[in-house]
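**Student:** Following this note's numbering, the numbering of the sequence shown begins with 548 at its first residue and continues without gaps.
These aren't lab readings, by the way, just hints derived from the structure by calculation.
Treat the hints with caution; some may be incorrect.
Unchecked claim - Taking CB as the label site, the calculated pair distances span:
id	residue 1	residue 2	range
1	Ser600	Val562	50 to 58 Å
2	Ile647	His608	55 to 63 Å
3	Asp577	Ser598	26 to 34 Å
4	Thr611	Leu644	31 to 39 Å
5	Arg567	Thr603	51 to 59 Å
6	Asp578	Gln614	51 to 59 Å
7	Glu663	Ser624	32 to 40 Å
8	Asp609	Asp571	25 to 33 Å
9	Ser616	Glu666	57 to 65 Å
Every residue, glycine too, gets a C-beta built ideally from N, C-alpha and C.
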Amino acid sequence: MARLEERHTGLSHYVYDRMRAHHDRLIIGDDKMGRLSQDAVETKRQVLANSESIATMRASHDGTHGQVSEMRAVAVSQAIAMENRREDRKEIAKLLLWGIFIIVVLGAITGHIPKERLEALQHLKMLPGL
């Protein structure tokens, strides 16, 4: 009977040790799962923060792109306006020269401008557009 009790005690210790080891593995597994869960939650937070950051950057980029487009449009309109002013000045200069030319011709025909002064205006013939 002593041997049977000894075996039973040995078997009890073995079963107890196995249960304890299994229990410890479960606790360690639970700890690992808890850490993994925390890591997953933290990763999810980082992903959400990155998504918000990306959305903010996109909005900023779109705003900057809009500003650049507006600046280009303003620059183009300024260049067109400057070209129009340049052409207008050329047209005004041509009209003034034609006006002077007509006055000189009429003055020469009517005799109000002496011949000596007309010879001084000979260089007007070389101006382009006359």
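**Student:** Against each hint, give a clear statement of whether it holds in the structure.
**Tutor:** Here's how the hints hold up against the structure:
no.	hint	in the structure
1	Ser600 x Val562: 50 to 58 Å	holds (56 Å)
2	Ile647 x His608: 55 to 63 Å	holds (58 Å)
3	Asp577 x Ser598: 26 to 34 Å	holds (31 Å)
4	Thr611 x Leu644: 31 to 39 Å	violated (49 Å)
5	Arg567 x Thr603: 51 to 59 Å	holds (53 Å)
6	Asp578 x Gln614: 51 to 59 Å	holds (53 Å)
7	Glu663 x Ser624: 32 to 40 Å	violated (51 Å)
8	Asp609 x Asp571: 25 to 33 Å	violated (56 Å)
9	Ser616 x Glu666: 57 to 65 Å	holds (60 Å)
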